[in-house]
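K.L.:
Sequences are here, hints too, so could you generate the full structure?
The primary structure of each chain is shown beneath.
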Amino acid sequence: MPKIYLDYAAATPVDPKILRAMLPYFKKECGNPSSIHYFGQRALEAVDQARANAAKFLNCDPGEIIFTGSATEANNLAIFGLVKTGDHIITTQIEHPAVLEPCRALERRGVKVTYLPVDSDGLLHVDEIEKAIKADTVLVSVIYANNEIGAIQPIVEIGELIRDKNQKSKNKTYFHTDAVQALNYLDCDVKKLGVDMFSLSGHKIYGPKGVGALYLRKGTELNPIIYGGNQEHGMRSGTENVAGIVGLGKAFEEMQSPKLRIQNIKIRQLRDKLIKIILKSIPDCRLNGSLTQRLPNNVNISFRGVEGEAMVIALDQKGIALSTGSACSVRNLQPSHVLLSLGLSAQEAHGSLRISLGKYTTQQEIEKFLRVLPGVVERLRKISGYK
Amino acid sequence: MKPYYSKKVIKHFLHPKNFGKIQKASGVGDTRNLRCGDTMKMYLKIEKNVIKDAKFETLGCGHAVSISDIMCELIRGKTIDQALKIDYKEIVKKLGQIPPAKVHCSYLAKTALKAAVDNYRKNVRSVKK
Numbered sequence: 001m002p003k004i005y006l007d008y009a010a011a012t013p014v015d016p017k018i019l020r021a022m023l024p025y026f027k028k029e030c031g032n033p034s035s036i037h038y039f040g041q042r043a044l045e046a047v048d049q050a051r052a053n054a055a056k057f058l059n060c061d062p063g064e065i066i067f068t069g070s071a072t073e074a075n076n077l078a079i080f081g082l083v084k085t086g087d088h089i090i091t092t093q094i095e096h097p098a099v100l101e102p103c104r105a106l107e108r109r110g111v112k113v114t115y116l117p118v119d120s121d122g123l124l125h126v127d128e129i130e131k132a133i134k135a136d137t138v139l140v141s142v143i144y145a146n147n148e149i150g151a152i153q154p155i156v157e158i159g160e161l162i163r164d165k166n167q168k169s170k171n172k173t174y175f176h177t178d179a180v181q182a183l184n185y186l187d188c189d190v191k192k193l194g195v196d197m198f199s200l201s202g203h204k205i206y207g208p209k210g211v212g213a214l215y216l217r218k219g220t221e222l223n224p225i226i227y228g229g230n231q232e233h234g235m236r237s238g239t240e241n242v243a244g245i246v247g248l249g250k251a252f253e254e255m256q257s258p259k260l261r262i263q264n265i266k267i268r269q270l271r272d273k274l275i276k277i278i279l280k281s282i283p284d285c286r287l288n289g290s291l292t293q294r295l296p297n298n299v300n301i302s303f304r305g306v307e308g309e310a311m312v313i314a315l316d317q318k319g320i321a322l323s324t325g326s327a328c329s330v331r332n333l334q335p336s337h338v339l340l341s342l343g344l345s346a347q348e349a350h351g352s353l354r355i356s357l358g359k360y361t362t363q364q365e366i367e368k369f370l371r372v373l374p375g376v377v378e379r380l381r382k383i384s385g386y387k
Numbered sequence: 001m002k003p004y005y006s007k008k009v010i011k012h013f014l015h016p017k018n019f020g021k022i023q024k025a026s027g028v029g030d031t032r033n034l035r036c037g038d039t040m041k042m043y044l045k046i047e048k049n050v051i052k053d054a055k056f057e058t059l060g061c062g063h064a065v066s067i068s069d070i071m072c073e074l075i076r077g078k079t080i081d082q083a084l085k086i087d088y089k090e091i092v093k094k095l096g097q098i099p100p101a102k103v104h105c106s107y108l109a110k111t112a113l114k115a116a117v118d119n120y121r122k123n124v125r126s127v128k129k
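Residue numbers (the working numbering), protein chains in the order written: chain G, 1 to 387; chain E, 1 to 129.
Hints were generated in silico from the structure; no laboratory data involved.
Remember, it's a predicted structure, so these values are computed and weren't measured experimentally.
It cannot be assumed that every hint is accurate.
Unchecked claim - Sample of chain E residues at the chain G side, in silico, Cβ under 10 Å: (1) Met1; (2) Tyr5; (3) Gly60.
Stated by the list, open to error - Derived lysine-lysine pairs resembling DSS-like cross-links, with alpha carbons at most 30 Å apart: (4) E:Lys11 with E:Lys122; (5) G:Lys191 with G:Lys84; (6) E:Lys8 with G:Lys3; (7) E:Lys45 with G:Lys387; (8) E:Lys21 with G:Lys318; (9) G:Lys276 with G:Lys17; (10) G:Lys382 with E:Lys128; (11) E:Lys17 with G:Lys382; (12) E:Lys7 with G:Lys318; (13) G:Lys382 with G:Lys3; (14) G:Lys318 with E:Lys94; (15) G:Lys276 with G:Lys191.
Built from N, CA and C at the ideal position, the CB exists for glycine as well.
P.N.:
Encoded structure:
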């Protein structure tokens with residue numbers, strides 16, 4: 001049975017071009033970028049090239065890019081590196097755990113944290129920030145586009161607000177965004193966005209897992225969270241993941257191709273069709289999150305009378321891979337914090353599916369999925385006694 | 001590493017034999033797991049203290065559905081007291097090991113059974129009155 005992959009928001013396949021660029025760095029190009037001999041310098045050159053690619057894409061200086069092991073690490077570096085006991089942080093209720101958990105850890109150490117609510121579309125209102133920001137607010141961290149519902153947050157407007165506040169106040173507030181899900185689809189010019197820090201990772205942009213980066217605007221003073229040989233301008237010690245970084249650099253190069261725009265239009269068209277047909281053909285379901293301020297590859301739908309994980313496992317048996325935002329799973333029995341923030345009941349939040357498309361998704365795959373889904377929902381509704 | 005869903009669990013999840021309602025059931029138990037939000041309803045047909053038939057309706061994950069199905073299978077033909085004594089170990093015997101996070105699904109089935117028995121006993125008392 002051919003498998004259908006609809007979980008691009010979890011991880012994307014590595015683009016063959018990207019893989020090809022990486023391969024020499026596992027074998028022939030074996031050097032450590034810190035070595036001064038031929039092999040070392042070759043590796044250093046490759047890392048620098050990747051840094052230049054990233055900088056070009058983000059419209060920043062190569063010296064402002066710090067390669068990390070993941071976006072989670074980049075978020076941790078941004079938050080723990082900046083914030084001190086007694087400071088105040090503002091974030092949202094719909095952040096990824098990679099931001100929420102560092103904030104909670106800091107809360108336990110005496111940092112004040114404000115978790116701002118979002119509206120029923122999953123969007124943050126800028127005036128919420130305006131109300132919450134104080135003289136001692138050192139950090140505002142807002143996810144660029146949410147991983148579960150794809151809701152795009154008003155980063156530019158928040159950036160402007162913080163700039164205005166900083167002009168009036170002598171205590172600077174820094175602005176961080178977790179942009180992991182946004183890179184493929186949204187403008188990531190850090191100057192336009194007005195951010196001081198910006199986190200990203202490789203495996204959402206057809207690059208490898210195990211590599212991420214933090215853009216750190218010049219003049220933003222961070223303390224490292226990993227100490228050692230002072231790699232990455234001393235901000236992230238540890239021998240560079242050269243092959244991974246080369247892959248990430250190549251991913252940035254690929255994203256600058258003019259083809260990306262056409263690719264994204266195709267993804268959006270398939271996605272729109274998917275939403276329209278599901279809502280029309282299956283009774284008692286609802287789309288979660290804004291329809292307009294939404295990543296073009298994201299669908300998140302709640303089905304009444306069905307539990308999300310049961311749908312995922314039933315679809316998996318039919319060769320279709322996707323996820324639920326709120327699995328009753330190993331880590332957490334609670335329904336999705338994101339869907340609850342939108343005002344959904346626990347049961348609605350539990351009955352949700354996240355379908356995320358990518359550049360390899362075909363019309364045929366979507367059609368097959370649409371043929372299978374109604375039967376799965378119907379069967380599970382029979383089992384749950386839902387009328 | 002063991003798969004998160006074992007073959008036996010998948011089999012019961014895809015082809016449960018015991019879901020649905022029993023018309024004129026002797027007892028019906030309705031329960032909800034407050035932590036994960038799953039719900040289970042159990043229908044019992046009881047004659048002379050013996051469970052003649054059991055059916056379930058479960059809104060829950062694949063493990064919850066499989067365990068509900070197994071529970072109905074296990075209690076059929078047993079006396080009420082025997083049925084109430086069924087525990088997690090017997091479910092594991094039938095389904096194989098369940099991931100630690102899913103052990104609570106078995107409590108859901110036990111609670112639903114207990115509620116159905118309570119409901120049956122209440123019905124019997126009200127008839128006697």
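K.L.:
Hints numbered earlier in the text: which of these fail when held up against the supplied structure?
P.N.:
1, 4, 9, 10 and 15
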